[in-house]
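Student: Put the two chains together into one complex; each comes in its own frame, and the hints tell you how they fit.
Chains A and B, in that order, give the protein sequences.
Each position in the first sequence, counted from 1, maps to that position plus 708 in the working numbering.
Each position in the second sequence, counted from 1, maps to that position plus 1169 in the working numbering.
Heads up, some of the hints might be wrong.
Straight-line C-alpha distance at most 25 Å; calculated DSS-like pairs for lysine-lysine [what the hints assert, rightly or not]:
id, chain 1, residue 1, chain 2, residue 2
1, A, Lys787, A, Lys767
2, B, Lys1226, A, Lys765
3, A, Lys765, A, Lys787
4, A, Lys787, A, Lys816
5, A, Lys820, A, Lys777
6, B, Lys1178, A, Lys816
7, A, Lys820, A, Lys771
8, B, Lys1226, A, Lys787
9, A, Lys767, A, Lys820
10, A, Lys750, A, Lys777
11, A, Lys816, A, Lys765
12, A, Lys813, B, Lys1226
Think of the hints as simulated: they come from the structure by calculation, not from any bench.
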Amino acid sequence: EDQVTQSPEALRLQEGESSSLNCSYTVSGLRGLFWYRQDPGKGPEFLFTLYSAGEEKEKERLKATLTKKESFLHITAPKPEDSATYLCAVRLNYGGSQGNLIFGKGTKLSVKP
Amino acid sequence: DSGVTQTPKHLITATGQRVTLRCSPRSGDLSVYWYQQSLDQGLQFLIQYYNGEERAKGNILERFSAQQFPDLHSELNLSSLELGDSALYFCASSVQGQETQYFGPGTRLLVL
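The following block holds chain B by itself, in its conformation from the complex (with noise of 0.2 Å):
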């Protein structure tokens, strides 16, 4: 167990549609990470918040945004869902941005 959590495991939906995806970091990390797996593409990282704070960027899609709340946790939310976006959606933390990453157990998103 990395002591980062994940809510939903699992989540089924409809194209078009919105969900929200919840992260809590281990206790005392400050970064917060966000990765999608695809069987294709293999692990691909989306976005990055450091202390409530967007750090950096990468392939993640208009449609698609986070946030990092307070007390730390984020949230990563998929909008206009398309066939697609079905993979797994991983959160990672770390104490701050420059050390180990320690993964969640995933969040399985199904696009119907």
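If we strip away everything but chain A, and leave its shape as in the complex, we get (with noise of 0.2 Å):
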């Protein structure tokens, strides 16, 4: 069966105390993995797509790798406006234009000034 595990289920950082969260897949062919970060209450906001083993994408604070089972989400020197719940999803290897996503349950970030 797909499936998309994320974990810690909740981290607490203080302010520019970097870490890692991860997000560990099990697939039968995978097309994208995809982080996003979502505010209570709000809609996912996309952040990165990885394609490939060995690919790194960087936003500001924010770094996301991935290997051939699991994606990491570095956050370097985190401020409290990081403080969020960051959802990690797979597209599997469907073809054509059927692309829906399966998410993991998200790591919920919460950074103390």
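Tutor: So this is what it looks like as structure tokens:
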């Protein structure tokens, strides 16, 4: 069964304390791994897409990496405004125009000043 | 702002009732997706439409249906509502079906 697991479920950091979020996946054919940020009561906001093992993407204090079995979202020197739930999702190799995502349950990040 | 719009923002209704949620995709996007987010299940894919045609189906209940109109906006119809249908419903859109999906702000449904 195709599955996406995120850990930890929740993470509390002090401002400036770097850490990593994990997304492991068991899927039959990967056609993209996505990271989103979600604030309470809001829609997911797109952060990164990764397609192949070894790929890395960066945006401000965030860096996403991908291996054959998992992805990491590294947060360097986080600030309170980075507090949110971070969602990982995979798109499977269906081909054509079919493109639904399978989401993990997310990691809730809290950054204290 | 992702460019995807959803109405209404909030909806409160009673069990057994029927509601319609509306979504307008980003300009130029042909694919529309519907997702349900509840506290215990996370984001679950319901259904995808591409240029007016159903393209993929997830764990969508038979009481739920959707359609995409010629102007590419989409509606999700939920009928015979139950307490367990209370959730956030999100619409997302992408250019075709293999690119990044951009999410709308969601509709919060509360069934009493």
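Student: Which of the stated hints cannot be reconciled with the structure, identified by number in ascending sequence?
Tutor: Result: hints 2, 5, 8 and 10 break, sorted rising.
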